[in-house]
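Join these two chains into a complex; the hints should help.
If you read the sequences in order, they're chains Z and U.
The first sequence begins at 712 in my numbering and counts up by one.
The second sequence begins at 848 in my numbering and counts up by one.
Just so you know, these hints were derived from the structure itself, not from any lab.
A hint or two may mislead.
Non-contacting residues of chain U with respect to chain Z, defined by C-beta distances greater than 10 Å in every case (computed) [claimed, not checked]:
{"hint": "1", "residue": "Glu-860"}
{"hint": "2", "residue": "Gly-895"}
{"hint": "3", "residue": "Asn-959"}
{"hint": "4", "residue": "Asp-1009"}
FRET-style restraints, in silico, Cβ to Cβ [to be verified]:
{"hint": "5", "chain 1": "U", "residue 1": "Arg-913", "chain 2": "Z", "residue 2": "Leu-803", "range": "52 to 60 Å"}
{"hint": "6", "chain 1": "U", "residue 1": "Asp-1009", "chain 2": "Z", "residue 2": "Pro-895", "range": "27 to 35 Å"}
{"hint": "7", "chain 1": "U", "residue 1": "Glu-1058", "chain 2": "Z", "residue 2": "Gly-806", "range": "26 to 34 Å"}
Virtual Cβ for every residue (Gly too), placed ideally from N, Cα, C.
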Amino acid sequence: MMGGLRRGADIPFFAVFIALSGAYALLIAAMLAADLSFASASDLLKAFQSREIRYSIALSLVSCTVSALLSMLAAVPAGYLLSRFQFRGKRLAEGLFDIPIALPPLVVGISLLILFQTPPGDFLEKIAAGAARYTGFNALMRWIGAPEVKGVAYETPAVVLAQFTVAAAFAVRAMRVSFDQIDPRQEQVALTLGCGRGQAFFRVALPQARPGLLTAFTLAWARSMGEFGPVLILAGATRMKTEVLPTTVFLELSVGNLEAAVSVSFVMIAAAFLALWLARSIGQAHD
Amino acid sequence: MIEFQKAAVQAGEFVLKNVSLRIEQGEYGVLMGPTGCGKTTLLEAAVGLRAVSSGRVLAGGVDVTRLKPSARQIGYVPQDGVLFTSMTVAEHLAFPLRIRRMEKAEIQRRVNELADLLGIRGLLDRRPRGLSGGERQRTALGRALSFRPKALLLDEPLSALDEETRERMYNVLKRAQKAEQASVLHVTHSSGEAAALADRMFHLKNGKAAEVE
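Chain U extracted, bound-state conformation (with noise of 0.2 Å):
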C-alpha cells in the first residue's frame, strides 16, 4: 500500500498541505489534476528526492517519511522514464538487483520474467537511444519494478504516446500490476488514463487531494 497522512511539501512557488489519501496493497489509484498543481512534486516527496515538511508518507506499513530515496523500496518511473543512457534495456532491469547484490542467475531469470511481462525481450541489447516512446516506458517500468517494490509510482507515462501506443500500454500496466501484485499511484492529467485503469481515483487541486467517487 501507498498513504499520505496530512502530508506538507514544499516546492518553489506553490505549497501542498494536508495531502491525505491511501492506496491499498494491489489496487490502481489514479491522481488527476491540471499540469502545474503539484502532482510530479508529490511524487518526488513520496520517493524521497523532496523533503516533507509535515505529516507522514507510508509505503507498505512503513513510515518512510524520514528514510532516504534508496531505503524507501518504492519503484518510480518519472516523466519521461529517464533511462540511463550508457546502459542496455537488460542492464536497466537488472541495475536495481545488482545495487541489491543478487546472485547472478536470479538477476536473469529476474529480468527475462520482467521482459517477457512487458513485451521487450527483443529489446534487451539495445540502448535508449534507439528505442520508440512505449518501448522506453516499458523498460523504464521494469527498472522501477525489478526489485518488488512495496508501491509504484509513475508521473504522466503515458503523456508522450501516441493513441495507438497509449492503448496497448494500458494493457501493459494493468497486466504488470496484476502480476506484480503492486499499489499503484499513477499520476496523469488525462481523464481517459483515469476511467481505463483506475481502481480508486483522486483530485489534486489547490494543494489538496480529494477521493473521486
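So here's chain Z without its partners, still in its complex pose (with noise of 0.2 Å):
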C-alpha cells in the first residue's frame, strides 16, 4: 500500500482553509465593531436632526428603488437572451455588459457627463424637462418639499442614472445566471403544448426565475446604495438637491465632522442588513 494514508493527514487542510476565511471573516467584523465603538448615539441623534441628512436619506432610498427597478427592466430581457440565445455578436453584447462592472466608477460618471454634452443628451435633457413639467412630476415635487427637475446632469435624474448605469451591468449578471440554471427544455415543451416565445417565457421560465429575480433586485438595490463616483460626477454634490448618502458621508469627513460621516455610515449599514435580510426571507418563504 502507498503511504500517506495516515489517520489526520486531512488536519492541515482544514487548519490552513478555516484559517484563511476566518481572518477575512474577522476583518469584516472588526470593521463593524469599530464603527460601533466610534459613535456614540447621540452624533446618531444629531445626524438624524439636520435637515439635510434627513433629505439625503429619503432621495437614496427613493433613488436606489428607482433605479433597482429600472435594472430589472433592462435586465431580466438581456439575462434571458444572452442565456437561451446564440447570435451574431453575442460576445460583443456580453462584453458590453461587463464594462461598467469593469470601469473605474469615475470614469463610468465622466463618461455619463460627456454623453450629455453631446447632441443626443442634450435632447435628453429637454426631454426630461418636458417630460417632469408637463406630467405634473414637478407639481408633486413641490408638494412634498423636493427640488423640481429641470434637466438630467446636475438634477436628480442624474443621480438615478447613474446609478443605474453600473447597478444594471450587475443586474444583468445576475439574471442571466439564474436563467442559466433553468432547463430550456421546459420552455420547448410549453412551445409544443401551444405558446408563443413570450407565453412560454411569463408562464413558464420567469415563475421559476423568482428567486433569481429577487437576488438580482437585492444586489442593483445595494450597488445603487453604494454608488459614489459616477453620481458625484454626473449629479454634483449640491444639499438639499442631489446629495445622496455616500455623498454625505464625503462631504462630512471633508469638512473633518468624522462623528457625522461615521453616523451616516451607519444609515447605510443597516440599509444593507435590512436589504440582505429582506432578500433571505422573502426567498426563504418561497423554497
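Here it is, written out as C-alpha cells:
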C-alpha cells in the first residue's frame, strides 16, 4: 500500500482553510465593531436632526429603489436573451454589459457627463425637463418640498441614471446566471403545448426565476446605495438637491466631521443589512 | 396519423436523410434504434424544435413542416418528462387548455378525466419535486394528451423507470392511446417495450428508418 493514508492527514488542510477564511471574516467583523465603538447615540441623533441628512436619506432610498426597478427592466430581457439564444455579436453584447462593472466608477461618471454634452444628450435633457413639467411630476415635487426637475445633469434624474448605469450590469449578470440554471427544455415543451415565445417565458421560465429576480433586485439596490463616483460627477453634490448618503459621508469627512460621517455610514450599514435580510426571508418563504 | 416523407434533419454531428415512415390514426408505432442514432432529433424535428431541411412532416393529414411548434397540435413527451417545476400536477394537465382559453368548467372536466385515465387523481395538488419516476411520466403524458393532439410523440418514456413500474406503464400507455384514439410514435432502444406495445415497428439505422415486419 502507498503511504500517506494516515489518520489525521486532513488536519493541515482544514487548519489552513479555516485560518484564511477566518482572517477575512474577522476583518469584516472588526470593521463593524470599530464603527460601533466610534459613534455615540448622541452623534447619531444629531445627524438625524439635520434637515440635509434627512433629505439625503430620503433621496437615497427613493433613487435606489427606482434604479433597481429600472435595472430589472433591462436585466430580465438581457439575461434571458444571453442565456437562451446564440446570435451574431453575442460576445460583443456580453462584453458591453460587463463594461460598467470593469470600468473605474469615476470613468463611468465622466463618460455619462460627456454624453450629456453631445446633441443626443442635449435632446434627452429637454425630454426630461418637458416630461417633468407636463406630467405633473414637478407639481408633485413642489408638493412634497423636493426640488423641481429641470433636466438630467446636476439634477435628481442624474442620481438615478448614474446608479442605474452600474447597477443594471450587475443585475444582468445575476439574471443570466438565474436563467442558465433553468432547463430550457421546459420552455421548448411549452412551445409544443401551444405557447408562443412570450407565453413560454412569462408562464414557465419567469415563475421559476423568482429567486433570481430577488437576488438581482437586491444586488442592484445595494450597488445603487453605495454608488458614489458617477453620482458625484454627473449629479454633483448639492445639498437638498442631489446629495445622497455616500455624498454626505464624503462632504462631512471633507470638513473634518468624522462623527457625522460615521453616523451616516451606520444608516447605510443598516440599509444593507435590511436588504440582505429581506431578500433572504422572502427567498425562504418561496422555497 | 403521423407521417415523415423523405424528411432530412441536420443536427450537429449527424444527419438524418430520407426518413420515411407512416403511422395511421389510432395506431401505436415504435421506433427503435441504438443510443445516439438520432431518434430524439427526429422527434424534435416533428414537433418543430428543429428545422427539417428537406422532405415533409404530416400530422393528422396536415403538412406541418413549416408550422411553428405551437401550431402543430402534436403532443410531445420528452425524455425524463421535463415537468414545470413551479406547477402542480393539475396545473400541468390544465396548462395547454388555459393557453387555448378554454372555459374553466371544461378544463376542470378534462383534468379529472385525464387524472382518472392515468391514475393520478390523488396527486393533483402535488408538485414535480415529490413525484416518483412513474408519476412524473404519467403527468407528462397527461399534459401532452390534454389538448387532444393529432399525434403523440414519446421520447424514451420508460427508460428511467424500474422493471415493475415499466410493466404497469405499458398498460397506462395502451389504455390512454385507446381512450384518446391517438396515433403514437414511441421511441426506445428496448426491444421488450417494442414487443409489448407496437402495432407497427420501425428501425432507425445509419440515418434511415425501415419498417420491421
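Against the structure, the hints:
With 10 Å as the threshold on Cβ separation, the claim that Glu-860 (chain U) sits away from chain Z holds: the shortest Cβ distance comes to roughly 17 Å. With a least beta-carbon separation of about 7 Å from chain Z, Gly-895 (chain U) fails to lie farther than 10 Å from that chain, contradicting its non-interface assignment. Residue placement check: Asn-959 (chain U) keeps its beta carbon more than 10 Å from all beta carbons of chain Z (closest about 19 Å). Chain Z leaves Asp-1009 (chain U) outside its interface by the beta-carbon criterion, the shortest separation being 23 Å against a cut-off of 10 Å.
Here the CB-CB span from Arg-913 (chain U) to Leu-803 (chain Z) is close to 32 Å, at odds with the stated 52 to 60 Å. Evaluation of the 27 to 35 Å hint for Asp-1009 (chain U) and Pro-895 (chain Z) yields a pass: the beta carbon distance comes to about 28 Å. Here the CB-CB span from Glu-1058 (chain U) to Gly-806 (chain Z) is close to 53 Å, at odds with the stated 26 to 34 Å.
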